[in-house]
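Listed below are the residues making up each chain.
There are 2 protein chains.
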Amino acid sequence: MGKNILVGLSGGPSVAINSSLAGVIDAGLRCGEFTEVYGAKNGISGVLSGDIIPLSQYSDPESLRLLMQTPAMALGSCRHKLSAEDFQQVAKQLAELSVSVFFYIGGNDSMDTVVKLSRYFAETNNPCRVIGIPKTIDNDLPDTDHTPGFGSAARYLYHTMSEIIRDSAIYPVKSVVIVEVMGRDSGWLTLAAGLPRFLGGAAPHIIAIPEAHFDENEFIKQVEAHLVENKSVICAVSEGIRDEQGDYIGMSTKSGAVDSFGHTYLSGVGKYLEELVAFKIGCKVRSIELNVMQRCASHLAAQTDLQEARLAGEEAVRVALEGKTGVMITFKRECNSPYSISVSDTPAENVAGKAKDVMAEWFNLEDAAVQREIVTYLLPLIAGEPELLRDETGLPRYLLM
Amino acid sequence: MGKNILVGLSGGPSVAINSSLAGVIDAGLRCGEFTEVYGAKNGISGVLSGDIIPLSQYSDPESLRLLMQTPAMALGSCRHKLSAEDFQQVAKQLAELSVSVFFYIGGNDSMDTVVKLSRYFAETNNPCRVIGIPKTIDNDLPDTDHTPGFGSAARYLYHTMSEIIRDSAIYPVKSVVIVEVMGRDSGWLTLAAGLPRFLGGAAPHIIAIPEAHFDENEFIKQVEAHLVENKSVICAVSEGIRDEQGDYIGMSTKSGAVDSFGHTYLSGVGKYLEELVAFKIGCKVRSIELNVMQRCASHLAAQTDLQEARLAGEEAVRVALEGKTGVMITFKRECNSPYSISVSDTPAENVAGKAKDVMAEWFNLEDAAVQREIVTYLLPLIAGEPELLRDETGLPRYLLM
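Chains as they are written, first to last, in the numbering used here: chain E, 31 to 431; chain G, 31 to 431.
Among the hints, a few may not be true.
If several chains are the same, the list does not tell them apart, and a pair holds so long as it fits within one copy or across any two.
Stated by the list, open to error - In silico DSS-like links for lysine-lysine, alpha-carbon gap of 27 Å or less:
no., residue 1, residue 2
1, K384, K204
2, K386, K310
3, K111, K314
4, K251, K310
5, K362, K122
6, K204, K354
7, K314, K362
8, K354, K251
9, K33, K122
10, K33, K354
11, K261, K111
12, K111, K204
13, K251, K386
14, K362, K33
15, K384, K122
None of these hints come from the bench; they were simulated from the model.
With the sequences and hints as input, model every part of the structure.
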């Protein structure tokens, strides 16, 4: 068994992914089995090109703490899908660095890499192991109660929606606000944007997730009905809502949107619904795209999320030492009150290319029992304000690799 | 002299305006000269319609503290400009409530109301006084070093830009990110978005304020030049940047933008520049509109800003007791290190309808001396993290009137 390990990050950023990296570095060096933890720049792309750096230089407690509060991905990312020719090159690089375990932190695309690479090693009698560590703000990975990164994004959405609701309430004129939330294929983040209402507030009045069909006429009727009772109607909509035919709302071929240079373009769903409300109702309307802020707002990270992300990294090392390969770390919720989880693992093929939707029983978001279940599920995940190390300007300090 | 006072809020929201309201309530009741502090719902509109509530019910220390951490405007807002017929009605309402001082918290439009109303009272031998309390995230009021509300918005921009810069750095592919910042007529907030660079970082690479002319061709040349050296080029642009003719960028009649329903529309400048970069350079490009979050993100309020906003409210009561009318509270910076201000007042006519631009000496944002001056000006204003009272879900608690 090679004396070193290697870790890479892949897919979209989150606030918690660097915490998982910190967990791998710390547990990898502490366990006594490995000499160096290497980091691949830009995920598997860096493995292929040999853009690899030693990470033991960042293993002191302060560096690890700084790494945990640094947003996005300290080693960079990639969206590279492994081709057949890549396998041999990866094996060669790992052998050169005496690497016995490769840890890959990412979502369901990254788990595809874990599956393929672990199979290749098995087929070529290479003792190298491959362990997946889950990460996605979308919370859409199967076989795990939730994913590291989701809790912090959900915390951002809860805070920001609460503030937008207050901001929208100030004028006496009737208005509609449409907030577009990330999560193209799953509505978990949009449910988090709904928390201010599920916890007893009036808004957001309309909450639309991609798993449930979206009907534009029904939407306009609902907005009109809410406008009778409310000055300001707030809508939280997933970027990926679709009609009955499965077409993304606002992206149908009927769209006549043309940009300033005369080119056809597809506006985001928030902008499209803004135009729809202006066209059909004619009242004051604003759309807000929360954009990358919901995945990079480290100043609003959930402490629970950062701790669990780090735990996922540490447990990945433990699982590797047990001799496993081709698996992804998973969380099981043991108890809601007090909240506790246990950590296990699942074959990465159960996750690769698959998604965990919001279940159909939760589609009726007007149902008080459903609202309570959502609150019970979400609240522990968004809990805890990390104590951040700040510089003299008040900004949380970052660790740049 | 009437035994009560009245306060109203006007214009756009900020994170700090409720702190000024707390200052008026607290000082108004503590000074021993007044029996009740009334609050007008929706500013002068509420005065006209008689939608007025007593605020002494919110004068206990916990309520005042909650009010200070509540975003937007606890009494609502309006954009009503006083007409000649309104004066008599205002005077009647104030007399009915035995109000001797009317406090109006807002920007330069609100100070127009302060000027007109105080003149009307003088002309009609009405002893009622009118005191203006400054509030705008735009920081564009004359005669004051800065305005309450600006520091918190600037703190939001500094944090959020720093996070976006990290988020944008993760992929190896060349990309451009355009962040659109509020401030239609003044670039103060955009300067705050530039802080990550002024403090020694590489980004944002391009910073565009409305006071300096914006040239599209020059912008594209600069982006191209930065793309040679950098993976990711970050631009912070004010929503109000204009060309040499004074026309808003992207809003010229040449724009051919058409929405999904075939209607001509004006996209924001961020979206327009995104289209321009895609058209002229063709690289990956994203625009981010920070939207209302920069004015309502109470979770990122600057403690200095909240304290000073409260002080402005308290000092307004003191100035009223001195017998002044038709004035607005102002801040003078006494020292940068340690930072200290003194509070004074200025005739509201010096502020009404006027604006304080970023000075021409600061237009060259590449100049290291200019960068140092901007840092010296901004850093004290964004300082301090308030200790927020939170509910069991971790959300800062709000006071709803």
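Q. What label fits K251 with K386 when the C-alpha limit is 27 Å: within, between, both, or neither?
A. neither (30 Å within a copy, 45 Å between copies)
Q: At 27 Å max between alpha carbons, let me know whether K204 reaches K354 within a copy, between copies, both or neither.
A: neither (59 Å within a copy, 38 Å between copies)
Q: Pop the pair K261 and K111 into one bin, within, between, both or neither, using alpha-carbon distances up to 27 Å.
A: The answer is between: 21 Å across copies meets 27 Å, while 49 Å in one copy does not.
Q. When no copy is specified for K314 and K362, does a C-alpha distance of 27 Å or less occur within a copy, between copies, both, or neither?
A. neither (45 Å within a copy, 39 Å between copies)
Q | K111 and K204: within-copy, between-copy, both or neither at 27 Å Cα | A | Between copies only: 19 Å across chains, 49 Å inside a chain, cut-off 27 Å.
Q: Go through the copies and call it for K362 and K122: within, between, both or neither, with a Cα cutoff of 27 Å.
A: Answer is neither: 36 Å inside a copy and 66 Å across each miss the 27 Å cutoff.
Q: At 27 Å max between alpha carbons, let me know whether K386 reaches K310 within a copy, between copies, both or neither.
A: neither (35 Å within a copy, 40 Å between copies)
Q: Up to 27 Å between alpha-carbons, please classify K384 paired with K204: within, between, both or neither.
A: Classified as neither; 43 Å inside a copy, 30 Å across copies.
Q) Quick one: K33 to K354, C-alpha cut-off 27 Å, is that within a copy, between copies, both, or neither? A) So K33 and K354 pass the 27 Å test inside one copy only (17 Å; across, 79 Å).
Q. Quick one: K354 to K251, C-alpha cut-off 27 Å, is that within a copy, between copies, both, or neither?
A. For K354 and K251, neither the intra-copy (54 Å) nor the inter-copy (53 Å) Cα distance is at most 27 Å.
Q: Could you figure out if K251 and K310 sit no more than 27 Å apart (CA to CA) within one copy, between two copies, both or neither?
A: So K251 and K310 pass the 27 Å test inside one copy only (10 Å; across, 42 Å).
Q: Tell me, please, which holds for K33 and K122 at an alpha-carbon limit of 27 Å: within, between, both or neither?
A: within (15 Å within a copy, 86 Å between copies)
Of the numbered hints listed earlier, those contradicted by the structure are 1, 2, 5, 6, 7, 8, 13, 14, 15.
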